[in-house]
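K.L.:
Below, each chain spelled out in residue letters.
Number of protein chains: 2
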Amino acid sequence: MKVSKAKSAENRAALLAAASDLLKEQGFDGAGVAEISRRAGLTQGAFYSQFPSKAALAAEACRASVAGSQAFWRGVQDGAPADVSGYLDAYLSADHLENVITGCPMAAYGSEVGRQDGALKAAFTEGFEDLVQVMQEALSLKMPADLARQRALLLVSGMAGGLAMARAVATSNPRLASEILQSTREGLMQLASAEGTTTGGD
Amino acid sequence: MKVSKAKSAENRAALLAAASDLLKEQGFDGAGVAEISRRAGLTQGAFYSQFPSKAALAAEACRASVAGSQAFWRGVQDGAPADVSGYLDAYLSADHLENVITGCPMAAYGSEVGRQDGALKAAFTEGFEDLVQVMQEALSLKMPADLARQRALLLVSGMAGGLAMARAVATSNPRLASEILQSTREGLMQLASAEGTTTGGD
DNA sequence: TGTACATCAGTGAACGCGCGTTCACTGATGTAC
DNA sequence: TGTACATCAGTGAACGCGCGTTCACTGATGTAC
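So the sequence lines, in the order shown, correspond to chains A and B. According to this note's numbering, the first sequence is numbered sequentially starting from 1. According to this note's numbering, the second sequence is numbered sequentially starting from 1.
These aren't lab readings, by the way, just hints derived from the structure by calculation.
Because identical chains cannot be distinguished in the list, a pair is counted as satisfied if it fits within a single copy or across any two copies.
Result set (SDA-like, lysine to any residue): computed pairs, CA atoms no more than 20 Å apart in a straight line:
hint, residue 1, residue 2
1, Lys54, Val33
2, Lys54, Gly30
3, Lys5, Gly41
4, Lys54, Arg12
5, Lys54, Gln26
6, Lys142, Gln190
7, Lys54, Asp29
8, Lys54, Leu16
9, Lys2, Gly41
Every value quoted in this text rests on a predicted model; they were computed, and no experiment measured them.
Generate coordinates for the entire structure from the input sequences, incorporating the hints supplied.
P.N.:
Spelled out as structure tokens, the structure:
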């Protein structure tokens, strides 16, 4: 049966939300059209009247996930006034380690992005740049712009890497996982606050 | 036909090598038994007289990949005498970014490990610990052991994260990718050399 | 405002395909005598 | 050392299954008069 435009838009949003979650939970290959549709309360047929393909949905879901991440970061920034330590503590926490679905897409499927199609890579890349931008702005308060940029790139990559590695080892060695989180937090915090003149230039 | 024990061992090694490559190239879901066997010059039937399942092979291949990584790291260490800058330059290079197959498994499929079975996670975790150990030994020459440990954990995670993020954005924005590599190299190098007393306690 | 009907979002079954795995069979290996 | 034969690594076709995608159909929506 046909459905009102409002309801159709609602269904589209539900598919996107289900996909955002499932992609982080099961990866790009693991997340299937059938389960995404089922979680959105729809059939696979409905899926294909909303999106031309699984790849197209994945690209949009990735864009939505990273935008959501950015909103979270800005939220932390507003709460604890522009202090990078707020980012680090929230990101590299036991809570974030356990909650993949509500967490950051970079850590959830970062290493898979390079194997996806161009639209998805573009969406991820734009989101990544935005996150770096937010981080850079926070750092700019205590260091020159070019150093802030350099440190922002390292912090974002390092946070994603630290969380991803902590998750990878968490089942076999939970103590190691929290050691990774703590070491990453402390080391990156030092780079975020240091007046660092050892940087050397090209 | 039956085959000599030597030839059978050779075939097993070929399957492992093909799997190590293909897992890094296509991920755990993307790499299939058919193609792994084909690349090893064998049929799928041969696969199952060598390994009980795809998951069992994946765990062994992961173990082999990470051990290979460790050998590479030790090699760099022997070449340029125990200097961490040797690790960083080799790992965070354009060359490593382009060559996924011959590269580090942490960056190639780090974010997928958490979704695999226990044997694979255990193999990855042990390999990760070994890499941290090698890094820690190199760092111990210029800082106290506990700080070296903390820094080793951050360096290994940060290197994996930096390379993974650089690869994710490389197609859409190659300039950003090399910026990530460079910023990660420089920032981590600073942490590897700094006498860092700002470490604070837990 | 009320009626007639074209539109089209969603249904649910079916499609071909490639996946991981199984199995009857082959024939060189390597052991027993 | 030479022969007879049990073993078992590898072959290649087949299995069931779930994947992404398609399609004939449904019926509420919302437009045209």
